[in-house]
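This is what each chain is made of:
Protein chains: 2
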Amino acid sequence: MNAPTLKFEQLGLIGCGLMGGSFALALKKAGLVKRVVGYSKSPSTTERARQMGVIDIEAPSALLAVSGADLVLLAVPVSATEATFKAIRHLLSKDTLVMDVGSTKRDVIDAARRVLKDQVGVFVPAHPIAGKELAGVENADPELYYGRQVILTPIERTEPVQLAKATRLWTALGCQVQTMAPEAHDAAYAAVSHLPHMIAFALMNAIADQEHGKEFLSLAGPGFRDFTRIAASDPSVWRDILVSNREELIAQSRLFQRALRAFEAAIADGNPDAVEALVDKASQARSRWRMNANKPHG
Amino acid sequence: MNAPTLKFEQLGLIGCGLMGGSFALALKKAGLVKRVVGYSKSPSTTERARQMGVIDIEAPSALLAVSGADLVLLAVPVSATEATFKAIRHLLSKDTLVMDVGSTKRDVIDAARRVLKDQVGVFVPAHPIAGKELAGVENADPELYYGRQVILTPIERTEPVQLAKATRLWTALGCQVQTMAPEAHDAAYAAVSHLPHMIAFALMNAIADQEHGKEFLSLAGPGFRDFTRIAASDPSVWRDILVSNREELIAQSRLFQRALRAFEAAIADGNPDAVEALVDKASQARSRWRMNANKPHG
Chain A
1 MNAPTLKFEQ LGLIGCGLMG GSFALALKKA GLVKRVVGYS KSPSTTERAR
51 QMGVIDIEAP SALLAVSGAD LVLLAVPVSA TEATFKAIRH LLSKDTLVMD
101 VGSTKRDVID AARRVLKDQV GVFVPAHPIA GKELAGVENA DPELYYGRQV
151 ILTPIERTEP VQLAKATRLW TALGCQVQTM APEAHDAAYA AVSHLPHMIA
201 FALMNAIADQ EHGKEFLSLA GPGFRDFTRI AASDPSVWRD ILVSNREELI
251 AQSRLFQRAL RAFEAAIADG NPDAVEALVD KASQARSRWR MNANKPHG
Chain B
1 MNAPTLKFEQ LGLIGCGLMG GSFALALKKA GLVKRVVGYS KSPSTTERAR
51 QMGVIDIEAP SALLAVSGAD LVLLAVPVSA TEATFKAIRH LLSKDTLVMD
101 VGSTKRDVID AARRVLKDQV GVFVPAHPIA GKELAGVENA DPELYYGRQV
151 ILTPIERTEP VQLAKATRLW TALGCQVQTM APEAHDAAYA AVSHLPHMIA
201 FALMNAIADQ EHGKEFLSLA GPGFRDFTRI AASDPSVWRD ILVSNREELI
251 AQSRLFQRAL RAFEAAIADG NPDAVEALVD KASQARSRWR MNANKPHG
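Here the protein sequences come in this chain order: A and B. Counting in my numbering, the first sequence runs from 1 upward without gaps. Counting in my numbering, the second sequence runs from 1 upward without gaps.
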């Protein structure tokens, strides 16, 4: 099959932070876009993005960023999705591919259905499994998405041509694209991302609230560094994710606490064999795990 | 003060795994030792250590590794400490510096007092804050300790000359040496190391035990990778640490679970402001944190 060359005239970027800025840079680096028109809620962010060459033109509103765009990316905290769709819907053409990068998908899709109505087919919900704890356009990186998984969660009304375009786009950026149902996505990421974030946040707070917390922290080493890296994540982004996916998250948290109590019981009993069996199981599961193990091309 | 050159005739290494092997390699690289005589419970480990040049001579017993040594390192799971002291005490001279590398200190010191009795002053309890999830002599690395903190927890009977020797030795390996009370050590590391390990183990088990656990794991990304790295740690080492420091560990686990429930409550209430305040506190604490912030030389 000879697909037409993948090339966009204009990316309308709404949200010029780490995720959005990195997407713009990656697209430019791959030669996939002619111009990037960007909008951020804070004018100083938009200006900084232009100064850095992340975007080419500053738009004074989300609507104007979308005007003339054949590709639109929403890179805003998930709770801002509905308001953003409302702001841009009047200038969305039926040929425009619209995506987001949110870590939860059901709430984003609900917002899209409510606002876009008949136009919802242009929206391809996307979640690139990438990020870093340093937010902001200053940390935008054209390689952020390279080699990562991207989960697309189309609904029955998603237009096949837009889904195909989205798949080609992320593949061209070096990503492994996987399609799954929004519900399955939210359940899986509650377990492997949202819960680990909540745990890391809670651990930091538990230590910080102790009398000797500061001293304890000064003694922490590389294990602690890696374990808590995600605790430095952006508060407004993670506020929205945790609240939005609360049912799955709390269900996963309960399973985790049950597993934690199994450790506590074995430890309190002073039962080394039981403790070793629990650690061994975890250690084997983690040693076997490989990131992107289901990479389509080996 | 003109201290005599720090140089040892013979390191008696008991336990030729990751920690012990890395110590021998670091000592050799720094030119601080003439020969390394090593013993491991498993003869094949000892042989492998010699083949790799980690040790120079294989000893058929812990006692024979110590024979003629002016420096002894115990690098065994902490529960093996007492038996090891019993095996070597008859050949310990009063000039020999004896150290361990255990992650808990009160239990190790109790074992030393019980077995070494009058000789306990030669023992300087040590905990280098270093490691990796790949155990075994194959992963020994002369740089493992470089730039890391080392906590020494002397007791009132520890000989000052041995403590000074230990401090010079670790400093010569590029470590930042800090002295603290064994109780303070065990409380601090329950919070910043033992609890994070137990949490990472419990999370792996909670996911692995679910119906869709395997699928969930295949979707996990770099946040999960770093968060769970410590879950791959050595089961026999961590069995001992968790059991040995159980009181402090369970106390810390309770504080953590209280912090976790604060998140769950705010999330279940659908209260984004409360969730953001909790995340913000954690994110700020983690963003401010620097490893080795109390590095003595800047």
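Bear in mind the hints are in silico, worked out from the structure with no lab data behind them. Take the hints with a grain of salt, since some may be wrong.
Since the list can't tell identical chains apart, any single copy or any two copies may satisfy a pair.
[Claimed, not checked] Heads up, simulated PhoX-like pairs for lysine-lysine below, C-alpha to C-alpha not over 20 Å straight-line:
#, residue 1, residue 2
1, K214, K94
2, K214, K281
3, K7, K117
4, K86, K117
5, K165, K132
6, K28, K86
7, K132, K281
8, K41, K165
9, K7, K86
10, K117, K41
11, K94, K281
12, K34, K165
13, K214, K34
14, K94, K165
Next item on the list: Could you work out which earlier hints the structure fails to respect and list their numbers in ascending sequence?
Entry: 1, 3, 5, 6, 8, 9, 10, 11 and 13
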